[in-house]
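Enquirer: Next come the chains, spelled out residue by residue.
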Amino acid sequence: MLAISTRPAASRLLSKAQRFISTNHGEYDAVIVGGGPAGLALASALGSKKELQNSLKIALVEAGDLSKVRDWSPQAGTFSNRVVSLTNASQAFLKDIGSWGHVEQERTAPIQEMQVWDGVSDARITFSASELGVPTPDQGMARLTETLNLQRGLLRHLQSIPDVHVLDKSKVQSITVDETPGSWPLVHLDTGRVLKARLLIGADGLNSPVRSFAKISTYGWSYDTQAIVCTMVHSPRGAFLGPNTTAYQRFLPTGPIAFLPISDTASSLVWSTKPALATALKGCEPSVLARMINAAFRLPEISMRYLHDRILEAHEAGKPITDEEIKAEILWREQSHSIDQTSAYSSITIDSNSGIPPLDAEMVPPVVSSIQPGTIASFPLRYNHAETYTGEGQGSRTVLVGDAAHTIHPLAGQGLNLGLGDVECLSRCIHGTVLRGGDIGSYTALLPYTQERYLENHKIMSACDKLHKIYHTSSGPLVQLRSVGLEVLNEFDSIKAAIMMSAGSVSKTNRVLSYNGDVRAAMFDMAAKGVENIGKAAGVAQVVRGGLAGIAVNALQNLAKAAPAAAASSQGSSQGK
Amino acid sequence: MFPTRLLRSSTVNASEIAHFSRLSAEWWNERGEFSFLHKMNPIRMQFIRQKLIETAYDEQPEEAVNPRKVGILQGLDVLDVGCGGGLLSETLARLGARTTGIDASESNIAIAQHHASLDSRLTDNLSYKHTSAESLLTQSKRFDVVCSMEVLEHVDNPVMFLKTCSELLKPAGHLFLSTISRTPLSYFLTIFMAEKVLRQVADGTHTYSKYINPSELLQFFQTYHSQVPSSESTANQSRPWITRLYNGEPTRTEAEVRGMIYNPFSASWILAPRGAWGAAECNYIFWVRKPALDGISS
Chain A
1394 MLAISTRPAA SRLLSKAQRF ISTNHGEYDA VIVGGGPAGL ALASALGSKK ELQNSLKIAL
1454 VEAGDLSKVR DWSPQAGTFS NRVVSLTNAS QAFLKDIGSW GHVEQERTAP IQEMQVWDGV
1514 SDARITFSAS ELGVPTPDQG MARLTETLNL QRGLLRHLQS IPDVHVLDKS KVQSITVDET
1574 PGSWPLVHLD TGRVLKARLL IGADGLNSPV RSFAKISTYG WSYDTQAIVC TMVHSPRGAF
1634 LGPNTTAYQR FLPTGPIAFL PISDTASSLV WSTKPALATA LKGCEPSVLA RMINAAFRLP
1694 EISMRYLHDR ILEAHEAGKP ITDEEIKAEI LWREQSHSID QTSAYSSITI DSNSGIPPLD
1754 AEMVPPVVSS IQPGTIASFP LRYNHAETYT GEGQGSRTVL VGDAAHTIHP LAGQGLNLGL
1814 GDVECLSRCI HGTVLRGGDI GSYTALLPYT QERYLENHKI MSACDKLHKI YHTSSGPLVQ
1874 LRSVGLEVLN EFDSIKAAIM MSAGSVSKTN RVLSYNGDVR AAMFDMAAKG VENIGKAAGV
1934 AQVVRGGLAG IAVNALQNLA KAAPAAAASS QGSSQGK
Chain B
6 MFPTRLLRSS TVNASEIAHF SRLSAEWWNE RGEFSFLHKM NPIRMQFIRQ KLIETAYDEQ
66 PEEAVNPRKV GILQGLDVLD VGCGGGLLSE TLARLGARTT GIDASESNIA IAQHHASLDS
126 RLTDNLSYKH TSAESLLTQS KRFDVVCSME VLEHVDNPVM FLKTCSELLK PAGHLFLSTI
186 SRTPLSYFLT IFMAEKVLRQ VADGTHTYSK YINPSELLQF FQTYHSQVPS SESTANQSRP
246 WITRLYNGEP TRTEAEVRGM IYNPFSASWI LAPRGAWGAA ECNYIFWVRK PALDGISS
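Chains as they are written, first to last, in this note's numbering: chain A, 1394 to 1970; chain B, 6 to 303.
Read the hints as simulated data drawn from the structure, not as lab findings. Keep in mind it's a predicted model, so treat the numbers as computed, not measured. Just so you know, even glycine gets a beta-carbon here, dropped at the ideal spot from N, CA and C. Please note: incorrect hints may appear among the correct ones.
As the list claims (entries may be wrong) - Where chain A lies over chain B, by a calculated footprint (3+ residues, C-beta under 8 angstroms):
1. 169 to 181
2. 263 to 273
To be verified - Simulated crosslink set (DMTMM-like; lysine to aspartate or glutamate; CA at most 25 angstroms straight-line):
3. A:Lys1443 to B:Asp124
4. B:Lys44 to A:Glu1785
5. A:Lys1461 to A:Asp1583
6. A:Lys1443 to B:Glu59
7. A:Lys1608 to B:Glu59
8. B:Lys56 to A:Glu1444
9. B:Lys74 to A:Asp1583
10. A:Lys1443 to B:Asp129
11. A:Lys1443 to B:Glu67
12. A:Lys1443 to B:Glu68
13. A:Lys1488 to A:Asp1515
14. B:Lys44 to A:Glu1780
15. B:Lys44 to A:Asp1489
16. A:Lys1608 to B:Glu31
17. B:Lys74 to A:Glu1444
Unchecked claim - Far from chain A, some chain B residues (derived; all Cβ distances over 12 angstroms):
18. Glu64
19. Gly76
20. Ala102
21. His135
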């Protein structure tokens, strides 16, 4: 039933590794569907292991044209609107597989400090790389770069790996499996090729075809929130303020707004807000959006509410608000709040480029002067988690990574880091299986992957979900409680932890098999495993007990219980949508 | 169903074979009857890898050994006695071994052959035979590695079985066995819990009295001498496979016992460190090396 055409690369490979080429040229050990960062990183991770060379034949299938990504050459000083924050663990993993060197370093920027505050009460926490005990504070607690820069780097690295065949401009038409039990999945491409997969990996995003083939259901909800993204242009920070390496995030009741530095004069915006407001803002001139961004980091919440209403009214009336109108409105609101014209909180008259900056200059991001043309876009936010990561029965020999397995609110910038965590774990799991002669497509081989990643992802996902929901309200008692929480209980520990993402996970790559018969090492390993398992068991118990499934934010849940009415309304309103 | 020549050989137990033949279709259901074996396989292979690398380091210059090589069994003739559905045989073949899997149950062999045919990487160096270890002795072929996993507790005459496996090895060959200790703990876990209470393993799979303790294996190989063809040596006797024990433990180069412990929380097996106290009270894996020809006492 297979109609396989001879591949042009076949002759090259025949000479290279003749004994591994089967008569069936469409047979692969791993077929990765999806050429996003997670899929590309997985192909690189599997292909770059020297000892796995010639023992794994890998295909990466992508519907789009990857040559556009490979040849992407942006103008100096301009930046794509989609940026990712890579934790140090993610960077270490990318270095480990040899891809990081292919990522253009000039287009990455460290985050050395984060300022996060409550839009209603102004309760604020700051954390910096040096405080967090990052071994190299100069490198920051994470690094921002454009998704395209990362993808391009991964693709360039893949060019040097002969074991990986990149099949782009190939859309998956269908995935089938023969009746015979134990048969391998067949991936039919619109180019007419059919790939037989020992292991089929779904790195194919939110609406994963691989996930539907494996009949893995998901649970989740839409947040009734759109994230506006764009590249913001601003003056460089003056000599007194140091480089543009501080990320800012303010939790407004409409959703968090984040300012992510990517160069001295450019930063990236992720503004999660109500869909109607997002549409209205996108409908205005870009300068109105720039003014609103400045205001959203500065004005009290009540004024933001007023400005939102003005923009919505104007939009509904069919006459989007003009730059002059919004400038006048913001100026009036600043004056009515008695914001000093020389303060950093004034965005209308401030001239950030000259003289000594105001005392509170570090409290807010630089004033946005314009939006890089053509970078304004928005997308809906969802929470989605697959019920399992590995297929069974007819859908066996499948595994999900990245967004195909989970999508998350971007408020902690962890989506891709979770995906890279999956990739690191899965490649380690596959590596270990190959060294022990196992079948990488078997359920038993993939079980440790699901065991390790599911709870890990769930913890961070639910922490982000809870944060979104708890900050989604401006009701008095809850705001007071959460502000106390923010300042005293410092519940951002979970987010801090998320940003740090257990730097230790990288060392596991070197633990695939321990060959030395060192009893002590093995004993420690066993003891550690035991403790880990107790921890896991406790974690599961908490999930079950809590019902709400928040582990890292247990403290917050307790607070929410103290204000049942407010909590109920906030949960109800956000879950009902 | 059973050819008489198999029943005539002394170690194959007819009712045991009937039991596993009934279950043969289940071999490759990783969530079913044999899920414990599927999960145990990686640590068996880990142990085999470890021992082969360790002996390679003992015998070759450091730089000649690549401990991270995938094809660690490349070029070796390996026999899997009692291969069942081929769980271990397939993994041995993937690591490069020219693998022969034998089983006394014809239906097991059929299942193993069918499953191997699904994986094109296995066609070159994996073959199965419906035969007994004893009947292989009549042929001249000998093996670099003989494995027999979870078989010893099912055979009728373990001494005879051990001798047969030993004789199938080339000099300096490796024998790997895994089985279950005869202890109250093993009765509780492998029979009472696994078969009677949790019913994760079919009732009647195990027979307590057939379990063998590590000390009994060590004892056997302390007195066991390879049969030496008289033409090759003036002395009739080679050294025993295990020359002596130190506090009940063999030396690292002659034999090794490692416990295998099931961790129900992570649903996986752990290969216990060498000499871990009490680790071999239930499942364990055993390695012993046939003395090389130059090891014959002179």
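Enquirer: Are the hints correct? Go through all of them and say.
Expert: The hints, checked one at a time:
1. Counting residues of the stretch 169 to 181 of chain B whose beta carbon lies closer than 8 angstroms to any beta carbon of chain A gives 0, which falls below the threshold of three, so the coverage claim is violated.
2. Coverage of the stretch 263 to 273 of chain B by chain A holds [criterion: at least 3 residues with CB-CB distance below 8 angstroms; count 5].
3. Only pairs whose Cα atoms come within 25 angstroms are accepted, and Lys1443 of chain A paired with Asp124 of chain B is accepted, the gap being roughly 23 angstroms.
4. Between Lys44 of chain B and Glu1785 of chain A the alpha-carbon distance is near 16 angstroms, which keeps this suggested pair within the 25 angstroms criterion.
5. Distance restraint check for Lys1461 of chain A and Asp1583 of chain A: the Cα-Cα separation of roughly 20 angstroms lies within the 25 angstroms cut-off, and the hinted pair is therefore satisfied.
6. Straight-line distance between C-alpha atoms of Lys1443 of chain A and Glu59 of chain B comes to about 21 angstroms, which keeps the hinted pair within the 25 angstroms bound.
7. Only pairs whose Cα atoms come within 25 angstroms are accepted, and Lys1608 of chain A paired with Glu59 of chain B is rejected, the gap being roughly 45 angstroms.
8. Only pairs whose Cα atoms come within 25 angstroms are accepted, and Lys56 of chain B paired with Glu1444 of chain A is accepted, the gap being roughly 19 angstroms.
9. Between Lys74 of chain B and Asp1583 of chain A the alpha-carbon distance is near 38 angstroms, which puts this suggested pair outside the 25 angstroms criterion.
10. Among the hinted pairs, Lys1443 of chain A with Asp129 of chain B is consistent with the structure: their alpha-carbon atoms are about 24 angstroms apart, no more than 25 angstroms.
11. At most 25 angstroms may separate the alpha-carbon atoms for a hinted pair to count; Lys1443 of chain A and Glu67 of chain B meet this at roughly 19 angstroms.
12. For a cut-off of 25 angstroms, the pair hint linking Lys1443 of chain A to Glu68 of chain B stands: about 17 angstroms separates their Cα positions.
13. For the proposed pair Lys1488 of chain A and Asp1515 of chain A, the alpha carbon gap of about 39 angstroms is over 25 angstroms, so the pair is violated.
14. Using a Cα cut-off of 25 angstroms, the hinted pair Lys44 of chain B and Glu1780 of chain A holds, with the two alpha carbons roughly 22 angstroms apart.
15. Proposed proximity of Lys44 of chain B and Asp1489 of chain A is contradicted: the alpha carbons are some 29 angstroms apart, above 25 angstroms.
16. Between Lys1608 of chain A and Glu31 of chain B, the direct Cα distance comes to roughly 23 angstroms. Compliance with the 25 angstroms bound is thereby established for this hinted pair.
17. A threshold of 25 angstroms between alpha carbons decides the hint, and for Lys74 of chain B with Glu1444 of chain A the separation of about 6 angstroms falls inside it, so the pair holds.
18. For Glu64 of chain B, the condition that its CB be more than 12 angstroms from all CB atoms of chain A holds, with the nearest at approximately 16 angstroms.
19. Not every Cβ of chain A is farther than 12 angstroms from the Cβ of Gly76 of chain B; the closest lies at roughly 8 angstroms, contradicting the non-interface assignment.
20. Not every C-beta of chain A lies more than 12 angstroms from that of Ala102 of chain B, the closest at about 9 angstroms, which undercuts listing it as non-interface.
21. Every beta carbon of chain A lies more than 12 angstroms from that of His135 of chain B, the smallest distance being close to 21 angstroms; the non-interface claim holds.
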